Every structure is written in C-alpha cells, then in structure tokens.
Amino acid sequence: MAVYRRESRRRPILVMVIITSLALISLDTGGNGIISSVRHSARDLIAPVQGVVDDAFHPIENVFDGVSKYDQVRDENARLQARINELEKDLNAERALGQQVTELERLLDLPNIEDATGVVARVIGSSAGNFERTLTLNKGTDKGIIVGMPIVVGDGLVGKITDASKTRSTVTLIDSPDVGVGVRTEKTGTQAITLGRYGDNLLKLGFLSNPRADISEGELVFTAGVDGAAYPADLPVGHVVKIDRNRGELDPDIYVEPVVDFDNLVFVKALRWPPHTETTEGK
Amino acid sequence: MRWLRYFLVVVSLVVLQTALFPDLRVFGAVPDLLLVATIAVGYERGPEAGAVFGFVGGLAIDCFLSSPLGVSALAFALVGYGVGVFQSGLLRSSRWIAPVLGGIGGLVGGALWVVIAALAGQDDLITGYSARIVVVAAIYDALLALLIFPFVHWACGNHDLARR
Chain A
835 MAVYRRESRR RPILVMVIIT SLALISLDTG GNGIISSVRH SARDLIAPVQ GVVDDAFHPI
895 ENVFDGVSKY DQVRDENARL QARINELEKD LNAERALGQQ VTELERLLDL PNIEDATGVV
955 ARVIGSSAGN FERTLTLNKG TDKGIIVGMP IVVGDGLVGK ITDASKTRST VTLIDSPDVG
1015 VGVRTEKTGT QAITLGRYGD NLLKLGFLSN PRADISEGEL VFTAGVDGAA YPADLPVGHV
1075 VKIDRNRGEL DPDIYVEPVV DFDNLVFVKA LRWPPHTETT EGK
Chain B
10 MRWLRYFLVV VSLVVLQTAL FPDLRVFGAV PDLLLVATIA VGYERGPEAG AVFGFVGGLA
70 IDCFLSSPLG VSALAFALVG YGVGVFQSGL LRSSRWIAPV LGGIGGLVGG ALWVVIAALA
130 GQDDLITGYS ARIVVVAAIY DALLALLIFP FVHWACGNHD LARR
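So the protein lines, in turn, are chains A and B. Oh and the first sequence: position 78 is 912 in this note's numbering, straight run, nothing missing. Oh and the second sequence: position 154 is 163 in this note's numbering, straight run, nothing missing.
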C-alpha cells in the first residue's frame, strides 16, 4: 500500500514538471515578453554578486589560463607577427584608396563608421553554457545599449547585442551559428553571408553573389553594409584561410578566420547603428 | 529551513556557473553545477525532490543562457527523477558514488539537453563536437561532484527519516 501511494504521487509531480517545462520552452521560443522580463530581472539581481565573485577568483582564472594556454599563446604570437609584417606592406596602398572612398561617400551622403557613436563597455564574462558563443557586458539599457547594436573592437567586428537588461547585455559572437553577417571580399567585391558552426572558430561563406569569383587565400573580408544592413560597411571580419573547390559543386567551400580574438576581449564598443538610431539611455 | 538551504545551493551554484567557470574551461567545456546538484538531491531525497530541484535549478540557469527557457529545467528534472528512482538500488557506503553518479548523470543530462534544445529549434547542435563537449563536461561534473555532493548533503539536513 505504501509503495502504491509513493508511486502514484511521483508521477503527477513528474508530469507537472514536464508540462511546465514544455510550456515555458514554447512561450520563450515564441518570444514572450514576460519570460524576457523574468530573465532580465534575474540577471540584474545577481549582477553585483557575480562581480564580487569574478574579482575574487580572478587570480585563479589567470593561473588556469597561464597553464592551459601557454603553447597556444606562443604559436598565436608567432603567427600574428608574420601577419603584421604582411599587412604593413599593404597599408600604404590601402590608404590612398580609402581616401577616395571617403570622398565618394561624403558626396553620396552614405552613413559610415565615423558617423556612428557608441557605448564602450567591459566584457565581464563569457557563456555559462557549453553550446553558446556569447559575451556578457557590464552595461545595459540604462547606459544606452539596445538589442541589435553591432559590437566592435579596434581589430574588427565582434558580434551584436542579442539581449539587454537594465545593467547587463549579451553579445552573440559572429562565429555563432545564430549570427550571419553580410560581407564582401577585398579584391573581387564578391558578396556573401558568413555562417558560424559549433566547435569551429572558422566562418563559412555562403550564398556567394559570384561563385566563380577568383577569391584567394589570405584575402580580407569586410562587412558589406548594403542598404538596411545590421552592420556598417567596411568593418574587418576576417581573412580567407581555406578554399575547397569541389568538382560538381556550384559554390566553393570558403572558410574565413575572424580577425578578432574573441577569447581575450576586455573592452568593446556598441555602435549606434544606423547613426540616427534613438536609444533608451537614461529612460 | 531546508528550503532556505536549497535556495542557497541554487544561488551559489548559479553565481559560480556564471562568474567563475566560464573562465575555467577544459577543452572548451564547462561543468553543469546545477545538474550535479540535482543528481545529489535525487540521490539523497528521492525522485520527487530530484525532479522539483532539477526543474528549479534548471530554470535558474536557463535565465543566463540564450537557449529557450525550460530546456535545462526539463533535462535536469528528468535526470533528477531518474536518479531518485534508481537510488534505492545504489550502494550508499561507497565513497565513489558521488563521482560515478556525477559522471553518468552528467553524460545523460548533457545528452538530454542537446536533444531537447535541438527539438526546440537549435538543430545545429547535433554534431560530433557536441558529443565531445558532453563527454568532457561529464568528466568535469564527476570531479566536481566530490565537492557538490557534501554541499547538497548539508542542505538536505536530517534526511534519514525520509529514506525508504
């Protein structure tokens, strides 16, 4: 009898939990505002405690990084030094071309990156889960950050704001499968969209405007910035590292390595894009 | 009083999961602290408690993830319930029970999470990379179970009367 009562009490609890979970998943997938509010409240509530814990454990994190990433850092340093030498050769030629483009854009009254103001924020964490490519910033809607803002650093494009509470915001990185960026190649101007993949920091170029274009390894890729685009034009995204031209396939498989090192970001800038975009700062 | 201790477990593990462990990745994986705590609760107090704690703990960590709210809640609740159902047949005196349960539960919970998230729309997750991450995270869970199980044991208080 006792066993029967126990068994019969267990199942309703389990069924209730399953139904509630499925309901929440459906509501959140459909974009329910109440669930977003609950999320934002939880993040804002725990933010001060997270800050204290992060500061307290920072030395441990540094030791862990030093031990686990030494070889990686050394190889990356050598690769970057070689890349710097290569890029310095191209810089002078690019400067002259850049001046002409700026003059043309001014004439056509196109918004460009210099027109875009923004909010500088500090990166205070990365994803708490195993299957996301996100960063957490220490500013939110109370400092003018809104969903959709592109995020940049000096090297190039980082990602975009995909969630923002009052004091915290979430950046989804461009190598996440959830983010696609409209880009163009440096030499041929071929337009494409970047596709991120789980477990791979390389971006794949899809939907090429000209599959037969002569794209070469090492070529830089910039944001295309076409009309109504989510990102301003001419932001560096990455450079081509691998091209597979399979026989019988219309589009070659082109892989781009991002210029930004997403694992070592400290400060980023959230751009007000397009430049006339109103924000909720101070509201 | 026990509910207050459970609340403390959930809050402290959420803070550690979001503030500390993202910077302590091993081969790209972080442990699932709330999942390990759910396994511990299921082991200590049975299936109902395991399911409810898993639901609450999963919801708490879902607030800090980009995946749909409820994915972790469902995965953790199912694992907590499963551990609770089988706990009567488990050895209680073995000191290895924590890492063994933490590892196996972490593996099952991680796989469940991937399947549920894929069904909720993130079908890009079904890859070899995800399988590798789930395995590494499960090993990480097994190691941390040695610390989390005693913490949960304290939170459960005098649970001997509740044992079957």
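Rather than coming from a laboratory, the hints here were simulated on the basis of the structure. There's no promise every hint is true.
If you anchor each label on the Cβ, the simulated ranges turn out as follows [claimed, not checked]:
1. 21(B) / 893(A): 16 to 24 Å
2. 853(A) / 16(B): 19 to 27 Å
3. 156(B) / 856(A): 29 to 37 Å
4. 35(B) / 915(A): 22 to 30 Å
5. 16(B) / 886(A): 26 to 34 Å
Computed from a predicted structure; not experimentally measured. All C-beta atoms, glycine included, are put in the ideal place defined by N, C-alpha and C.
Hints, one by one, checked against the model:
no., hint, verdict
1, 21(B) / 893(A): 16 to 24 Å, "holds, 20 Å"
2, 853(A) / 16(B): 19 to 27 Å, "holds, 24 Å"
3, 156(B) / 856(A): 29 to 37 Å, "holds, 32 Å"
4, 35(B) / 915(A): 22 to 30 Å, "holds, 29 Å"
5, 16(B) / 886(A): 26 to 34 Å, "violated, 19 Å"
Hint 5 from the list above is the single one not met by this structure.
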